[in-house]
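Protein chains: 2
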Amino acid sequence: MATNVKIFDTTLRDGTQGEGISLSVEDKMKIARKLDSLGVHYIEGGWPGSNNKDIEFFLRVQELELVNAKVTAFGSTRRKGILPEDDANLNRILEVGVPVATIFGKSWDFHVHHAIQTTLEENLAMIYDSVHYLKSKGLEVIYDAEHFFDGYKNNTEYALQTIKKAEEAGADWIVLCDTNGGSLPHEVSEIVAAVKQAISAPIGIHAHNDCEVGVANSLAAVMAGATQVQGTINGFGERCGNANLCSIIPNLQLKLNYSCITASQLESLTGVARYVSEIANMHLPVNQAYVGTASFAHKGGIHVSAILRNASTYEHITPEQVGNKQRVLVSELAGQSNLVFKAQELGLDFNNNNQQSRQLIEQIKEMEHQGYQFEGADASLELLIRDAYGSLEEIFTLESFKIMVMKTVNQPVVTEAIVKMKINGESVYNAAEGNGPVNALDNALRKCLLQHYPALKNIHLTDYKVRVLDEKDNTAGKVRVLIESTNFDNTWNTIGVSANIIEASWQALTDSIRYALIGQAKADVHTEEQKERHGLVNH
Amino acid sequence: MATNVKIFDTTLRDGTQGEGISLSVEDKMKIARKLDSLGVHYIEGGWPGSNNKDIEFFLRVQELELVNAKVTAFGSTRRKGILPEDDANLNRILEVGVPVATIFGKSWDFHVHHAIQTTLEENLAMIYDSVHYLKSKGLEVIYDAEHFFDGYKNNTEYALQTIKKAEEAGADWIVLCDTNGGSLPHEVSEIVAAVKQAISAPIGIHAHNDCEVGVANSLAAVMAGATQVQGTINGFGERCGNANLCSIIPNLQLKLNYSCITASQLESLTGVARYVSEIANMHLPVNQAYVGTASFAHKGGIHVSAILRNASTYEHITPEQVGNKQRVLVSELAGQSNLVFKAQELGLDFNNNNQQSRQLIEQIKEMEHQGYQFEGADASLELLIRDAYGSLEEIFTLESFKIMVMKTVNQPVVTEAIVKMKINGESVYNAAEGNGPVNALDNALRKCLLQHYPALKNIHLTDYKVRVLDEKDNTAGKVRVLIESTNFDNTWNTIGVSANIIEASWQALTDSIRYALIGQAKADVHTEEQKERHGLVNH
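Chains as they are written, first to last, in numbering that gives the first Met the number 0: chain A, 0 to 538; chain B, 0 to 538.
Heads up, none of these hints are tricks.
Heads up, the list lumps identical chains together, so a pair's fine if it works in one copy or across two of them.
Derived lysine-lysine pairs resembling BS3-like cross-links, with alpha carbons at most 27 Å apart: (1) 464 - 401; (2) 324 - 152; (3) 401 - 419; (4) 254 - 195; (5) 152 - 254; (6) 401 - 446; (7) 33 - 5; (8) 341 - 52.
Rather than coming from a laboratory, the hints here were simulated on the basis of the structure.
Could you put the whole structure together from the sequences, leaning on the hints where they help?
Put into structure tokens, the structure is as follows:
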């Protein structure tokens, strides 16, 4: 039977220390629900002793009735020179009504001297008293041994004394923390094995990614006997981030035969990773292991021809095991295999030797040369392919537009757009205001179209990105606009490139609407869950 | 004495397989120069047998007169059933005049059957013949054993036969490739050690990051006896990327005492990582190990107070060893230690108890609540601090602006802006065209100001980013605009937040110019090298 490893998620506490990450109480509630459905065993919700927002979270999280996860509150050992019952920080943990306390203490003599400025003896007493106090109140206590690896390297005997004190006081878990992320896997492996000889409490690992080995350190610890892994979704966290649970869980489960969550929970991993990244308003790197949009994307022509024959030639797992999927990228490097793949998806007979296909390849190469990148704009690519095969109906054409933006000091900006277009041969003329030129243009365009296509009211722009292209050949001074749209059921991406940001936006905008109108995007199904996933519902 | 490990960079070949990466010949030339100055030993420039752009690179790279690096061309073993001298792909390697050939062959029986569809014997002959042919022409030959780890796990004996064939034929290096990135460090460690027993040629490692252990796999291989590491700058590469040299090099050198490059070359690492990311037009994740802007950034108030006392309490190396630096982030989580740090940098007497400081903290909290994030906008933060301390002079005030954008079908978009403002009490009125509303506004604003501040002509906007804020409390429907500006000597970032994109852009734009005008940005030094670093020179 596979050994069980407990997953301790600290996205809501250590994760929020990452640059650019700030979570409201609502955000934390949403993420907690997702983490619970993913099947993590512990959710560290915050530090009630340091932050009022965290206290509110602990009070409200009880409404959620989580099924899998125990909620835990973080705090430090008592302050020097006082009784634990007089320590506000420890009492806050008790007040917020959690079943599990996670408290950290010092393992590194250097930190005892320089950070908390007390004696080695008093630090041991602080650890003992704090764990003992929380245990006496009936809580499960996880003891986080801060800077344990540095402490162990610097003064082995003292570092071991600190965790023995926590064990003696009744700690349920001893978690070894590589707080500054400076240790390497072989060290973690050796030290965890040594600790396993020295104590009998179950051991956990808390790693950071400062040497880009946070995942490997966590695996090394488990292989040396740790049975709890602390980390965050997408590796969010201070500096280079915490160890990334989205890589640790599949590595443990699919590669090393440990048991953490169920197979069907694992299939929700990609969805959870992307959801958390949306809620945290953090861009998910396309190349993130397992869950990135490029994790199973193939670009090299030679790889693409091989995976068309047999996917396992270049894929280390079946992407669906983690809820991801295979993609084939179109690019000048790729030869034609990739276009064949896309055309097959669309049910078109793509033949390298016919004239349409050759013209299309030339057209795409030329557009890539001009700064287009279809890798992130599947919908625009599909429109190009359909157009080349004559299967794209021209639903509307622009005649003109005009946008005005006006501001007077101390007054808000006013933005208006006027659009004149032909829809199925009929002239339409309309105007709208907006929160900026593209939004006004979008609103005016929709007002024109909605009379003919009422289903458009379910289509929303969910992201709008502008990128100034580098001063390369052919792209000097150009911008690339990417627009993401959704009907709650599907999400699609379109692109525009031009020296003028409005021209580029117009291209991406009309591609988005054209794509919606050809019926590829099914505008009829939209559950609450899907709306929520796209962050379009206010609670 | 430290063991030498050779660094083999494949940013220009395998790196370009990454999603969104496309390098012109000019780009490749610039990157090759940087890689050489960083001290890498091999630069793999491309695959001349598959790509004409790569051939041009090999012909032109000879102009560069590289000091440290040998240039190598990539290719596959000969096709099945032909003589090596009849193989166009091998001959292309000879034609491009490189001293080193890197050829890959199949190690995994499954791939022999399914990808190249030949016999196991013919595959061995293909390996032998190809290496032997290139050796007979006087080249150094690096043999890349594709999918070696999967091959070894599936059919150990055959996998070993393939590399023994390469060795027999005279290969100078046998590089074990984890092509699909599916192996873990303990496997790499065991298999490299076993190979070391089986062959006497020097061994290299080529890892990918699909399990987020590309760096750890490379370290494991070196510790098991490999003396060459293949990887890319920033881990660029197909799917989840190649092993990241920017983490491997400092890990090997600062943590494991191997010798790769000189200490002063290592100090250029952060600069090289950021340069390559700019040229490749790829966003460098802020939390990238060692070289990210957040790698040594501290946000948690407790960490900040500790590092103010002693940096090594929370930093695993001195950032300057890799050319990076410590930063302190300002955020609602941080308490006041972080603002103290910033104010000290500005030479201001920040005192938590005076009224100015308390008001400033409230103001920043309120702005963060509205969607501002000063972590990425140091210049805007500095203006706020200076303003609170009364040390910010009001140089100009807006009276009004008006922007018009017009398009008629088949005609380019026309954009004009009219600005009316007071500069040092005098009314100024001017108009300009632009490549979009913000550019037109920027141009008109500069036309107004240039008469009074001619130094502004050296200030350029280098990046303009727009982000739609998630539907959170207080930020519904808002956009955040970040502007990066440079005078070639310094780079600074400013921010604007509003429901209207033009309003937000105006805030960021005027902050950028205000910052330039208070003389923090020294507009007088701009060497060619610095211009080039900012991608502002056309070659």
